[in-house]
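S.K.: Chains W and C are the protein sequences, given in the same order. With the UniProt record's numbering, the residue at position 259 of the first sequence is 259, and numbering never jumps. With the UniProt record's numbering, the residue at position 160 of the second sequence is 160, and numbering never jumps.
Treat each hint with caution, since some may be false.
Subject to a maximum C-alpha distance of 25 Å in a straight line, what follows is the list of computed DMTMM-like cross-link-like pairs (lysine to aspartate or glutamate) [claimed, not checked]:
no. : chain 1 : residue 1 : chain 2 : residue 2
1   : C       : Lys244    : W       : Glu186
2   : C       : Lys241    : W       : Asp184
3   : C       : Lys241    : W       : Glu325
4   : C       : Lys142    : W       : Glu140
5   : C       : Lys137    : W       : Asp59
6   : C       : Lys265    : W       : Glu56
7   : C       : Lys133    : W       : Glu140
8   : C       : Lys142    : W       : Glu14
9   : C       : Lys241    : W       : Asp59
10  : C       : Lys241    : W       : Glu64
For the record, the hints were derived by calculation from the structure and aren't laboratory data.
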Amino acid sequence: MKEITYPSFYELKEVLENLTNKSFNVAFGLERGIIISRSNHANTASELAYLFYDKEDIDEIRNEAYRRNTNHTLSGFQIKSESSIELPSVFESIISTGNIEIGQSLSSLTEEYEGKTKIFTSMMEYRKRKIGRIEFLQEETINFKFNFFQIDQKTWQVEVDCVRSNDLGEIKKIFEKNLSRETDFEEIELNSLTTEKTINFFDSLANKFDENWTFKDIKHLTLKRGSENDEDIIDVSSREEDQESDNLSGITQAILEGKNLRENSFVKNSVENGYKFTSMTYEFDHSTEPKTIQIKAEFKGRPKIFETSIINFMAKTGLGAESSELKINQSQKRKYCSMLWNAAKETYYELLK
Amino acid sequence: MAEDQGVNGDIWNKEAVSLLKEFGWISIGDNNIDIKGIDKKKHGIDTLIKYEGNLFNRLPQGFFLEAKRYETKNFKAVNFRDWVNTLDNKIRLLRGSIEMEEQFPDFSNSDARNGIIMIWFADVANYNEDKLKKALKSISPKNPSGLTRPSRIFVLDNYHILRLCSLKNSIENIESKKEGFKNFKFYYPSVGNNSNPIFRSNSLSIEYMFSKFILGEAIYGANKEVKIVFFFGNPIIQNFKLLKDCLLNLNFIDSDKDLILFLYKRDDNQFRKIRPDVENLFSSTSFSIRQMDILADLPSWIKN
Numbered sequence: 001m002k003e004i005t006y007p008s009f010y011e012l013k014e015v016l017e018n019l020t021n022k023s024f025n026v027a028f029g030l031e032r033g034i035i036i037s038r039s040n041h042a043n044t045a046s047e048l049a050y051l052f053y054d055k056e057d058i059d060e061i062r063n064e065a066y067r068r069n070t071n072h073t074l075s076g077f078q079i080k081s082e083s084s085i086e087l088p089s090v091f092e093s094i095i096s097t098g099n100i101e102i103g104q105s106l107s108s109l110t111e112e113y114e115g116k117t118k119i120f121t122s123m124m125e126y127r128k129r130k131i132g133r134i135e136f137l138q139e140e141t142i143n144f145k146f147n148f149f150q151i152d153q154k155t156w157q158v159e160v161d162c163v164r165s166n167d168l169g170e171i172k173k174i175f176e177k178n179l180s181r182e183t184d185f186e187e188i189e190l191n192s193l194t195t196e197k198t199i200n201f202f203d204s205l206a207n208k209f210d211e212n213w214t215f216k217d218i219k220h221l222t223l224k225r226g227s228e229n230d231e232d233i234i235d236v237s238s239r240e241e242d243q244e245s246d247n248l249s250g251i252t253q254a255i256l257e258g259k260n261l262r263e264n265s266f267v268k269n270s271v272e273n274g275y276k277f278t279s280m281t282y283e284f285d286h287s288t289e290p291k292t293i294q295i296k297a298e299f300k301g302r303p304k305i306f307e308t309s310i311i312n313f314m315a316k317t318g319l320g321a322e323s324s325e326l327k328i329n330q331s332q333k334r335k336y337c338s339m340l341w342n343a344a345k346e347t348y349y350e351l352l353k
Numbered sequence: 001m002a003e004d005q006g007v008n009g010d011i012w013n014k015e016a017v018s019l020l021k022e023f024g025w026i027s028i029g030d031n032n033i034d035i036k037g038i039d040k041k042k043h044g045i046d047t048l049i050k051y052e053g054n055l056f057n058r059l060p061q062g063f064f065l066e067a068k069r070y071e072t073k074n075f076k077a078v079n080f081r082d083w084v085n086t087l088d089n090k091i092r093l094l095r096g097s098i099e100m101e102e103q104f105p106d107f108s109n110s111d112a113r114n115g116i117i118m119i120w121f122a123d124v125a126n127y128n129e130d131k132l133k134k135a136l137k138s139i140s141p142k143n144p145s146g147l148t149r150p151s152r153i154f155v156l157d158n159y160h161i162l163r164l165c166s167l168k169n170s171i172e173n174i175e176s177k178k179e180g181f182k183n184f185k186f187y188y189p190s191v192g193n194n195s196n197p198i199f200r201s202n203s204l205s206i207e208y209m210f211s212k213f214i215l216g217e218a219i220y221g222a223n224k225e226v227k228i229v230f231f232f233g234n235p236i237i238q239n240f241k242l243l244k245d246c247l248l249n250l251n252f253i254d255s256d257k258d259l260i261l262f263l264y265k266r267d268d269n270q271f272r273k274i275r276p277d278v279e280n281l282f283s284s285t286s287f288s289i290r291q292m293d294i295l296a297d298l299p300s301w302i303k304n
């Protein structure tokens with residue numbers, strides 16, 4: 001176990017200034033009877049860094065720094081066995097035999113129904129050593145939720161609410177370690193799709209999210225080319241006011257009109273230059289309620305595995321139908337991410353046929 | 001009843017000032033004064049008070065002190081917010097006012113951007129620190145605006161006040177004839193962006209009042225320097241490990257100098273189990289542990 005280290009003034013100030021936000025710092029001070037008024041974020045951070053703290057205080061700052069720098073994404077894989085498999089029993093036996101790595105732990109399963117499907121949920125915790133200047137952030141304890149459910153007698157689907165890029169790999173390794181060698185673990189991998197099929201993949205997703213949501217716009221896309229070690233990236237956002245943004249509009253229009261994205265000039269040009277889509281951020285409007293969601297579909301990591309994440313969730317209010325950010329809880333975010341991920345899974349398997 | 005409140009309030013004001021003076025703070029002028037601010041209006045202040053010294057690379061710090069004496073049942077968050085807003089306004093309007101500079105130059109020479117509210121809940125048996133914590137949560141500090149400089153307001157209630165009283169008792173104890181220590185001073189390590197040199201002072205800084213540990217030094221016998229730590233966190237082993245790491249980084253642990261650790265929070269049964277581990281942690285030097293008083297009410301020396 002790593003020795004406990006007390007952060008220096010510099011480290012505390014850095015964390016309070018760059019990794020926590022003003023509202024946390026203000027609340028942190030208020031809890032302790034300190035009110036810093038008419039102060040910018042940097043100054044408040046500095047004032048708080050001058051105090052000496054105990055473990056409870058340091059943990060509060062550390063946990064907030066981790067929490068704020070965590071973006072939940074949803075990813076998953078399917079477990080396919082040659083014979084029928086009861087994954088909950090396998091899981092319980094993993095817990096009782098403790099056949100996991102040092103520093104890892106799993107919580108007991110809980111069960112609930114979503115419609116007719118029985119969902120088993122657990123949490124995993126593991127320690128990750130990070131490289132960085134700030135020593136008291138260097139060993140992070142990560143915990144994340146995951147669930148699994150049965151597709152058929154030989155197939156189970158595992159969905160992981162990732163807070164770090166390692167999370168999917170960590171739970172996958174545990175199952176790999178405890179299931180027979182003949183078991184297959186299938187993920188949605190970019191390498192399995194040709195460039196042409198990748199375009200079709202992202203194209204189809206726009207219309208497959210959910211029947212209650214209608215595609216409206218592409219907010220952002222990324223194209224990459226080259227090997228894993230030497231990548232060129234084209235990053236296009238609708239916020240940019242240049243020709244790149246016009247390209248996005250062209251793509252949006254193509255999707256809305258049901259045209260083949262491969263015929264779009266920007267896409268054609270990119271493909272001819274060896275680029276491949278790796279991410280797209282879609283905007284969907286709810287069919288009946290004044291809500292809008294921006295959700296990202298992305299192939300990420302090495303190898304590039306598919307994941308989804310919420311970028312923004314908004315409500316339209318007032319006579320002018322102005323958008324304002326709507327806070328939704330992590331459970332709801334996971335639900336939307338899962339919807340898009342499962343739509344992507346169907347599309348992926350269709351394209352592989 | 002109203003007269004009682006007024007008199008009790010005045011008494012508490014004097015007691016609060018008296019307590020801060022025990023820690024090297026200096027009051028300026030009389031209590032309950034009116035001063036014309038930059039808005040040309042008079043503003044009432046209970047006390048102007050400051051401490052000297054160049055601590056953590058800052059000027060001497062000047063404070064507008066408001067002393068409040070309350071029964072727990074009468075304390076309301078809405079009143080508390082008023083106090084904070086009013087004090088914040090006074091800081092803004094009075095520092096740099098011409099009348100302040102003319103009448104109280106010693107105060108104007110300090111960094112007069114601080115307020116301190118000392119709330120004494122007189123019905124000590126009913127005291128509950130959650131009450132103030134809830135009220136604090138309802139505060140929304142003002143955003144930066146124009147040329148107005150930031151200010152700080154520190155709120156002390158029974159917990160902080162009794163902690164200070166206990167600290168004073170411990171220092172007096174070690175400086176007593178029986179113990180034989182002398183020249184106790186608070187120790188300010190070299191920290192911060194500008195890395196000021198180490199500084200020793202009779203004054204207790206506001207940052208130390210709100211920290212979980214306070215460093216000090218004293219002389220024992222003819223010339224033997226002793227390092228002293230007053231610790232206010234929970235007595236769990238992780239806290240002592242963290243404390244040790246901090247003290248090592250500050251070069252405060254010296255194998256040639258005794259180290260005395262005063263503990264404020266007490267859980268005798270639990271601490272007994274880890275005491276050997278704590279002693280082992282600091283075994284590189286001559287180390288001893290002492291307990292601080294846990295006070296239920298203001299000590300008599302404040303009232304006299």
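S.K.: Lys241(C) and Asp59(W) were given as a pair; does the straight-line alpha-carbon distance stay at or below 25 Å?
M.R.: 14 Å, holds
S.K.: Verify the proposed pairing of Lys265(C) with Glu56(W), using a straight-line Cα cut of 25 Å.
M.R.: 14 Å, holds
S.K.: Regarding the pair Lys241(C) and Asp184(W), is the alpha-carbon distance no greater than 25 Å?
M.R.: 47 Å, violated
S.K.: Need the status of pair Lys133(C), Glu140(W): alpha-carbon distance at most 25 Å?
M.R.: 30 Å, violated
S.K.: Is Lys244(C) close enough to Glu186(W), meaning Cα to Cα at most 25 Å?
M.R.: 49 Å, violated
S.K.: Is Lys137(C) close enough to Asp59(W), meaning Cα to Cα at most 25 Å?
M.R.: Distance ~20 Å between Lys137(C) and Asp59(W) Cα, so the pair holds.
S.K.: Starting from Lys142(C), check that the Cα of Glu140(W) is at most 25 Å away, please.
M.R.: 34 Å, violated
S.K.: Is the straight-line distance between the alpha-carbon of Lys241(C) and that of Glu64(W) 25 Å or less?
M.R.: 22 Å, holds
S.K.: Could you grab the alpha-carbon distance between Lys142(C) and Glu14(W) and see if it respects the 25 Å cut-off?
M.R.: Holds - the C-alpha atoms of Glu14(W) and Lys142(C) are around 23 Å apart, at most 25 Å.
S.K.: Run the distance test for Lys241(C) versus Glu325(W): straight-line Cα separation, threshold 25 Å.
M.R.: 43 Å, violated
Checked against the numbered hints above, the structure breaks hints 1, 2, 3, 4 and 7 and satisfies the rest.
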